[in-house]
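**Student:** Respectively, the protein sequence lines represent chains A and B. Residue numbering for the first sequence is 307 to 557, as defined by my numbering. Residue numbering for the second sequence is 23 to 299, as defined by my numbering.
Derived from the structure by calculation, the hints contain no laboratory data. Treat the numbers as computed from the prediction; the structure is a model and nothing was measured. Some hints could be false.
To be verified - So, partial list: chain B residues that the calculated Cβ filter (under 10 Å) puts toward chain A:
1. 54
2. 106
3. 140
4. 144
5. 174
6. 183
7. 191
8. 239
Said to hold, decoys possible - Output of the computed footprint for chain A on chain B, the stretches with three or more beta carbons under 8 Å from beta carbons of chain A:
9. 33-39
10. 184-190
From the three backbone atoms N, C-alpha and C, an ideal C-beta is built for every residue, glycine too.
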Amino acid sequence: MSALPSVTHMHAVQVHDLTVAYREKPVLWDIDLVIPSGVLMGVVGPNGAGKTTLIKAMLGLVTPVSGRVLIHGQPYQANKRSVAYVPQRGSVDWDFPTTAFDVVLMGTYGRIGWLRRPGELEREAAYVALAKVGMADLARRQIRELSGGQQQRVFLARALVQEAPVTFMDEPFQGVDAITEAAIIDILRELRANGRTVLVVHHDLSTVAEYFDWVTLLNVRKVAAGPTVEVFTPANLRATYGERLALPPGV
Amino acid sequence: MGWLTDPFRYAFMQNALLAAVLIGVTCAVLGVYVVQRRMAFVGDAMAHTTLPGLVIAHLGGWSLSVGGLAAAGVTAVAIAWVSRRGRVKEDTAIGVVLTGMFAVGVLLMSRTRSFRDLSHMLFGNVLGVTAADLWLIAGVAALVLAALALFHKELELTSYDPTHAEVLGLRPGLTRLLLLGLLALAVVTGIQAVGVILTNALLVTPAAAAALLTDRLPVRMALAALISTGCAAGGLVASYALEASSGASIVLACTASFAAAAAFATARRQFRPARGD
């Protein structure tokens, strides 16, 4: 059905000429990006580099000035089940009367359809996802009573339950304890082992080489993108962050 | 117990009780979303802006409910439209529309000779509900409660995390419009019970009391409905005994239930400290 040759479907995400501006000030400038299927990719860049905007533009949450984005060969609007999204913490109503289990169950709402309620199948999937992130014991806990790390695990479980081929995560390790960070990265590696594609907005340069096999360096423009071993170089980092950057050990 | 049952020997008191309970339950369950989504001001605006519709319907000899509903519908669409654009902040726009529409209503009222006849629009007249009114009230209650049940997951997710709802394809804008439409229906019946000025209490107060008592959404809705039922009955009994305004009595019963819930929640917190990690 697609006008594109079938070989492009090997690519999880294709971004063509994407430009996004807020009040005429460009936030992303002419981004071309191809993310192959089955990689665990970090997106790094300084504050204001447009990392979050890149994710939002890919999902149609902000309207670009120009450009287009394809997820497995289709615009996101054509298949809303293709991406699971874990936003930065803070975009939800923390006072909302809901439990960890309820939040994970909401991840299934996209596929249930109008006028239908989640059934046994969806509830089972939500329990499995909560157990996977080590939160089964706290399923009945009010979401606001959980620690930052526990909340992040719940949001990861909400993404897992969607069983999407592509997952976008925005700063998942922000304000999270070391044990949770290790648990999250284990799950992301498992997704990659199962052929899923994961894109993570990340700010800790010292863990990039350890966590990600693919990396995109962004600062309004795309500086570089590719396998971490080839692209995560001192020259590219300076081009992204400026000459005064203190390089992380091992780069 | 005679003082409790005596008032309901009369048919008009039985009708009033049925109407007040149906209206109260409808408003209270819907009010859980109004409170959680911080739309209390929207509900108030919707109630006040029905006034010109009511007065025009009265002058033209048309059904007051239709007049009120038309005005509430205009307000719902206007608020949804204004909140789509960022130029004027939503609460500012509502403040302007609310007072402007209400002033038109007052102006029209002051130009009619039967000004006093219209005071029940401001303060409600649940003791005067007719059989036709009761059917309309029951119809609105059934429609609003059915819609809340059928669209529960859309309303839940768009209230909790609108961005995630949009990513999943659930259309938060459409859900908001649905909620505003239901609010318009509930408000028009609420006016029959307690009038234009006090209707917002039926939406906000029982739901706010329930919010102090539970952290589960379905439980909160059931509790708000229960509180509202108690307040409708209690308010009517009190108004009969004191020969005082029925609308104000029902609203004050709601206020008292909120105060009781707040006291209970405070006491409970002291005996059972919040769980920490």
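**Student:** The structure should be examined with respect to each hint, and the outcome stated for every one.
**Tutor:** Against the structure, the hints:
no., hint, result
1, 54, "holds (8 Å)"
2, 106, "violated (14 Å)"
3, 140, "violated (40 Å)"
4, 144, "violated (34 Å)"
5, 174, "holds (7 Å)"
6, 183, "holds (4 Å)"
7, 191, "holds (4 Å)"
8, 239, "holds (5 Å)"
9, 33-39, "violated (count 0)"
10, 184-190, "holds (count 6)"
When the structure is compared with the earlier hints, violations turn up for hints 2, 3, 4 and 9 and for no others.
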